[in-house]
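**Student:** 1 is the number of the first residue of the sequence shown in our numbering; add one for each residue after it.
Keep in mind that the hints were calculated from the coordinates and are not lab data.
A hint or two may mislead.
In silico DSS-like links for lysine-lysine, alpha-carbon gap of 25 Å or less [to be verified]:
id, residue 1, residue 2
1, K169, K184
2, K163, K183
3, K169, K187
4, K124, K163
5, K169, K183
6, K163, K187
7, K273, K183
8, K436, K422
9, K220, K187
10, K379, K273
11, K220, K184
12, K184, K379
13, K220, K169
14, K187, K379
15, K220, K183
16, K184, K163
17, K183, K379
Per label pair, the in silico range of CB-to-CB distance [stated by the list, open to error]:
id, residue 1, residue 2, range
18, A405, L57, 54 to 60 Å
19, T342, T435, 32 to 38 Å
20, G362, P245, 27 to 33 Å
This structure is a prediction, so every number in the text was calculated from the model and none was measured.
Note that beta-carbon positions come from the ideal geometry of N, C-alpha and C, so glycine has one too.
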Amino acid sequence: MRSHLLNDTTAEQYRRSVTAGVERVAAKLAATDRPFTGITVDALSPRIDEIDLDQPLHDTGAVLDELEDVYLRDAIYFHHPRYLAHLNCPVVIPAVLGEAVLSAVNSSLDTWDQSAGGTLIERKLIDWINERIGLGPAADGVFTSGGSQSNLQALLLAREEAKTDTLAKLRIFASEVSHFSVKKSAKLLGLGQDAVISIPVDHDKRMQTVALARELERCKEAGLVPMAVVATAGTTDFGSIDPLPEIAELCEQFGTWMHVDAAYGCGLLASLKHRDRISGIERADSVTVDYHKSFFQPVSSSAVLVRDAATLRHATYHAEYLNPRRMVEERIPNQVDKSLQTTRRFDALKLWMTLRTMGADGIGQLFDEVCDLAREGWKLIAADPRFDVVVEPSLSTLVFRYIPAAVTDPAEIDRANLYARKALFASGDAIVAGTKVAGRHYLKFTLLNPETQASDIAAVLDLIAGHAEQYLGESLDRAS
């Protein structure tokens, strides 16, 4: 079995095996003509259930053949221009190359003696993104597994900086359309979900700062502690961006930690055209970024950034076997001193490879393309009498609803939209997401693929309308 260990004696086998895998995936990508096959759970489950994991195949080719049958054939392919559902971007080749390198070398980014140059590359990237944000010379941060972990760590720091022993007094303020991880983080931090005060949004789904000011004042008057305000730069459902400058003013006035969840909107940091949409982010105390949403990176590639590096001490724990205190005095850079994780992949390498190959402008150009496409898509939907679109896009998300001409019952319209989404998914021709607006079912395009064209949007709208009309026709037949 030692023949399977990656080392100096198996380098050629490694080359052959990885090449075979790359060729298999490349062939699949080249032949993929729709984002999904439409296979059901009931159809796929028996194939996987019948595999005996205690009986290995002993041959890479046979394993790849099996993988083709249970995964590659029916995987959901985000690179396809009619994958329009969630915040999943197609990935750039330099980042995939970085993924291959980091997996093989397998550095762990917790301590210097496990990563060496990897530590310095990650730190360089943290400095780079902090400069893009404008957090100032004392800023720092660390790569994370994703936006939920970044939000959790940021709120942990905010909790500690609030300097109160009475957790029940702490309050977090976030818009009613903020990410669910805010409430989840409050629960994990011992505050409870009730500690999160939801602030209403305006017509454009942006936090109402008048309402925020009112709630902050009420909090103070009640003897409570306004621990943090979470402003969102790119909400999951609408891509809306809260008014960051006004929120920053209120945070300063009330002495409250300002966290900006820019997991989605961080692509604007590289934008050549739309950077001004997140003006005010430079005043945050902490920022979440997800490169695997809008920098075209493979999952996972994310970070949490802070204005004051000293606040990261709240995540520090010294273990004698790993990062004893003397290492701080010896100026040995251990990233575990800043992180909630211990063992941690060298995910920063993917972004490094991307920047060194394409440059930030290359990333920004791609993100600008999807933002511009969303504007074009909004015009298409707004002009189509079959649909109702909720808001003009701030980023690249469109939320809309099929409205039949002859049906007025909102519940029946809900069912038609739900049916259309499910039928479209089952066909595999396209994939769209769904959400609720004011209690009603809506559909959602999340546009993150520069290869998607307005013609794709128009075609998918026709498919949605067709499925909805089929449902309504069958519904009328059943009723009669």
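**Student:** Now, for every hint given, state plainly whether the structure supports it.
**Tutor:** Okay, the hints, checked on the actual structure:
This hinted pair checks out: K169 and K184 have alpha carbons roughly 18 Å apart, not beyond 25 Å. Taking the CA atoms of K163 and K183, the gap is near 21 Å; set against the 25 Å cutoff, the hint holds. A hinted pair counts as satisfied when its Cα atoms are at most 25 Å apart, and K169 with K187 qualifies at roughly 14 Å. For the given pair, K124 sits about 31 Å from K163 by alpha-carbon distance, which is inconsistent with the 25 Å threshold.
At roughly 16 Å between alpha-carbon atoms, K169 and K183 fall within 25 Å of each other, so this suggested pair holds. Restraint check for K163 and K187: the C-alpha separation of about 19 Å stays at or below 25 Å, so the hint holds. For the hint pairing K273 with K183, the CA-to-CA distance comes to about 33 Å; that exceeds 25 Å, so the pair is violated. Taken as a hint, the K436 and K422 pair is honoured in the structure, with Cα atoms around 15 Å apart against an allowance of 25 Å.
Taken as a hint, the K220 and K187 pair is honoured in the structure, with Cα atoms around 22 Å apart against an allowance of 25 Å. Distance restraint check for K379 and K273: the Cα-Cα separation of roughly 20 Å lies within the 25 Å cut-off, and the hinted pair is therefore satisfied. Simply put, K220 and K184 have alpha-carbon atoms about 24 Å apart, close enough for the 25 Å limit, and the pair holds. Distance hint between K184 and K379 is unfulfilled; the C-alpha atoms sit about 36 Å from each other, more than 25 Å.
A distance of roughly 10 Å separates the Cα atoms of K220 and K169; the hinted pair therefore holds under the 25 Å criterion. With a C-alpha separation of about 41 Å, the suggested pairing of K187 with K379 is violated against the 25 Å cut-off. With a C-alpha separation of about 21 Å, the suggested pair K220 and K183 falls inside the 25 Å cut-off, and the hint holds. Proposed proximity of K184 and K163 is supported: the alpha carbons are some 21 Å apart, at most 25 Å.
As the CA atoms of K183 and K379 are separated by approximately 35 Å, the hinted pair breaks the 25 Å bound. Taking the beta carbon of each, A405 and L57 are about 57 Å apart, inside 54 to 60 Å as hinted. The supplied range of 32 to 38 Å is met by T342 and T435, whose beta-carbon atoms lie about 36 Å from each other. With their beta carbons about 29 Å apart, G362 and P245 fall inside the hinted range of 27 to 33 Å.
Hint compliance for this structure: hints 4, 7, 12, 14, 17 are not met, and every other hint is.
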